[in-house]
Structure formats: C-alpha cells, structure tokens
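Enquirer: Sequence:
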Amino acid sequence: MIKTTPIPDLPFETFFTYQQVTDFLQALAVARPDLCKLDSLGSSREDREVHLLTLTDFASGAPEDKPGYLIHGNIHAPELSGTHAALYTARQLVADHEQSDLLRKVAFYIVPRLNPDGAEFVVTTSGRVRSRTDRTHLEPNTLYQKDVNHDGLILSMRQKHPDGPFVADPEDARLLIRRKSGSQPPFYRVLPEGEIHDWDGTDHLLVEGRSFDWNRNWSYDWRPEPEQHGAGDFPFSEPEMRHIARFIHAHPNLFAVLGYHSGPNAVLRPPSTGSDDDLDEGDVRMMEDLARIGAKHTGFPVIPVVKYHDDRTRDINLRGHFHNFGYHHLGLFVFEFELGIMEN
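Whatever position you read off the sequence shown (first residue = 1), add 28 for our numbering.
Honestly, the hints are just simulated from the structure, not real lab data.
Keep in mind it's a predicted model, so treat the numbers as computed, not measured.
Cβ atoms here follow ideal geometry from the backbone N, Cα and C, with glycine treated the same way.
It cannot be assumed that every hint is accurate.
Beta-carbon label-pair distances, calculated as ranges [claimed, not checked]: (1) Q120 - R206: 19 to 25 Å; (2) H279 - D317: 47 to 53 Å; (3) L183 - H232: 49 to 55 Å.
Calculated cross-link-like contacts (lysine-lysine; reagent style BS3-like; alpha-carbon spacing at most 30 Å) [to be verified]: (4) K94 - K335; (5) K188 - K208; (6) K94 - K65; (7) K324 - K133; (8) K133 - K174; (9) K65 - K133; (10) K335 - K324; (11) K188 - K174.
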C-alpha cells in the first residue's frame with residue numbers, strides 16, 4: 029500500500045503567484061502519488077511551465093484508457109479565481125476518493141493556470157491586461173503600465189482634462205466621483221499607472237498597445253483583427269495555446285472540457301457563433317441537461333455563449349472561441365463556469 033501524507037490546504041485569502049501554484053501542485057502530487065501526476069504542457073513565452081495535473085486512480089488503469097475530462101482555468105490574465113477553482117476541484121477529487129469510485133473510472137486533466145505570464149503580471153502588480161502584454165515594439169501615444177512610484181502596485185492616475193468624466197469628491201478630495209451637469213472644474217480622467225511612450229500631447233491614447241484575447245485564438249472560425257478583437261496573428265499564435273491544442277489532439281479519450289472564468293455568473297455552453305440549429309439536436313439536449321446540473325449546484329443561469337450579453341436578444345458571435353473549437357472540430361461537450369466579476 030502506498031504511504032500517503034495529508035493533502036495540502038488551499039487558502040483563499042489571496043490569489044496565488046506562479047510559485048504558489050507550483051508549490052500547491054507539487055505538494056498534492058507528493059501527498060497522493062497513487063492519484064496525482066504533475067507534468068507540464070510546455071513553457072510559456074516568459075519560460076514558466078504550463079502545469080498539467082493528471083488525476084486518476086492509477087491502480088485501476090492508465091489515464092489514456094479511461095474517459096478523460098479536461099479542466100482549465102485562467103486563460104484570461106485577470107481572471108485569477110479560475111486558478112483557485114481548478115485547484116479546489118483537484119483537491120476535492122483527491123479528498124473525496126475514498127468515498128467515490130470516480131477516479132477509478134475517469135481521468136481528469138487539470139491545467140489550473142493556462143496563462144502563467146499574464147496572471148503573474150496581474151497578481152504581482154495589480155495591473156490589468158486581457159491575456160498578455162506586448163512590449164516587443166513600443167507604440168507611440170501608448171500608455172504602458174508601470175509601478176511608477178515603486179510601491180509594488182500598479183494603481184490608477186488622475187489627469188486633469190476638460191472633458192474628464194470625474195470630479196473630486198467635495199468630502200474627500202482623494203476620491204473621484206462622477207461628474208454631473210452642474211459640476212465645476214477641474215475635471216479628471218483616470219488612467220492606469222504607467223508611462224506614455226512617445227506622447228504627442230493629444231488625447232488619443234491606447235493602453236498597453238495591441239490587445240490579445242486567447243479565447244479568440246482557437247482554430248475554428250478564427251477571424252483576423254479587426255474583425256475579431258484580440259484574435260492574434262493566426263490560430264494558436266500563442267505558445268501556450270499551441271501546447272494545450274496539441275494536448276487535446278493527442279488525447280482522443282477526452283469526452284468533455286470545463287473552463288473556469290470570472291465573468292458575470294453563468295454556465296456557458298456552445299455555440300459561440302450562429303445558433304443551436306447549427307448543432308446536432310441530440311447534442312444540444314444533452315449539453316443543456318448537463319449544464320442544468322451545474323446550474324442546480326451553483327445557482328447560475330445556463331446561457332449559450334452566443335447569447336452571453338445583457339441583451340439576450342442580440343448575438344455576440346465570438347470567433348475563434350473555445351466552445352466552437354471543442355464542439356465543431358473535436359465533437360467535445362464544452363462548458364464554462366463564469367464565477368462572477370467580484371471574484372477577479
């Protein structure tokens with residue numbers, strides 16, 4: 029019998045740095061080597077490992093011989109709760125093993141932080157970026173986030189501006205409040221803390237230059253910018269995205285995928301473009317039934333990605349999105365839990 033040690037606790041007081049994610053995964057794998065195997069999908073652009081944790085009862089068979097379920101989190105840099113949700117899922121699967129035969133029947137592949145570089149930028153500076161920064165070529169009239177006053181954080185700066193939407197709070201000038209019709213100057217606009225590269229003095233400013241959204245970088249129905257904002261240079265142009273795509277294609281035992289995100293609460297299912305009419309009718313029924321199980325446990329509404337908008341009558345049509353890639357290219361049932369914007 030394999031000697032085991034207590035599985036590590038998962039604190040929720042703060043979001044994890046890359047090193048803390050690594051330490052937790054290593055501790056879990058050491059505690060239960062009969063259930064956990066820690067690998068890497070590959071290295072990130074900044075040479076961090078994209079961790080892969082395989083969870084199954086290895087005594088009952090090899091992972092590739094069982095139905096596989098892929099879980100990933102934190103594809104978007106500021107959505108750090110996705111990492112914690114994936115780590116919590118991993119820990120609970122291990123903790124519940126003695127009362128469940130799930131790991132004897134199914135292999136779980138967990139990638140808790142698909143975007144280690146972007147997440148590290150956010151968690152260590154409080155700066156904000158969609159998926160990653162791009163500073164290989166600095167653009168003029170572009171503000172690049174930086175800890176200007178060396179306090180360890182990237183916060184916000186106020187700038188006097190005649191058309192600014194804010195005024196100082198009359199009760200506490202350190203605070204800004206929304207400008208009203210009778211408000212008196214000075215007016216302010218708010219920018220992230222940083223430095224503007226090669227500023228010409230005009231109002232036209234970009235923040236961090238080009239924006240990358242890795243959930244628009246999948247191959248199915250990929251469209252270039254500006255048709256699809258954040259799409260990247262070509263499908264799987266990002267090394268981290270290539271790593272997970274290769275993994276998915278190399279594992280035909282996968283039957284479903286779950287992604288953890290931090291948008292307004294929802295259980296999301298395909299499609300991300302078009303309508304249910306583009307999907308197999310039986311698949312739609314099955315995905316809807318499965319999604320409603322998630323909704324029962326979370327209280328979140330079930331929404332097709334294409335309708336994930338305040339105005340549910342309007343389609344948002346996200347090109348190069350993971351839901352359509354997984355379903356249309358590979359026949360996988362794909363879901364996302366949107367954990368709520370207060371959890372970013």
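Enquirer: Would you mind marking each hint as holding or not holding in the structure?
Expert: Here is how each hint holds up against the structure:
For Q120 and R206, the hinted distance range of 19 to 25 Å is not satisfied, since their beta carbons lie about 43 Å from each other. At about 25 Å, the beta-carbon gap between H279 and D317 misses the expected band of 47 to 53 Å. For L183 and H232, the hinted distance range of 49 to 55 Å is not satisfied, since their beta carbons lie about 23 Å from each other. For the proposed pair K94 and K335, the alpha carbon gap of about 34 Å is over 30 Å, so the pair is violated.
For the hint linking K188 to K208, the alpha-carbon distance of about 16 Å falls within 30 Å, and the restraint holds. Taking the CA atoms of K94 and K65, the gap is about 15 Å. The hint holds against a cut of 30 Å. For the hint pairing K324 with K133, the CA-to-CA distance comes to about 24 Å; that is within 30 Å, so the pair holds. Between K133 and K174 the CA atoms are separated by roughly 49 Å; this puts the pair beyond 30 Å, and the hint is violated.
At roughly 16 Å between alpha-carbon atoms, K65 and K133 fall within 30 Å of each other, so this suggested pair holds. In summary, the hint linking K335 to K324 is supported, as the alpha carbons are separated by about 20 Å, within the 30 Å threshold. For a cut-off of 30 Å, the pair hint linking K188 to K174 stands: about 20 Å separates their Cα positions.
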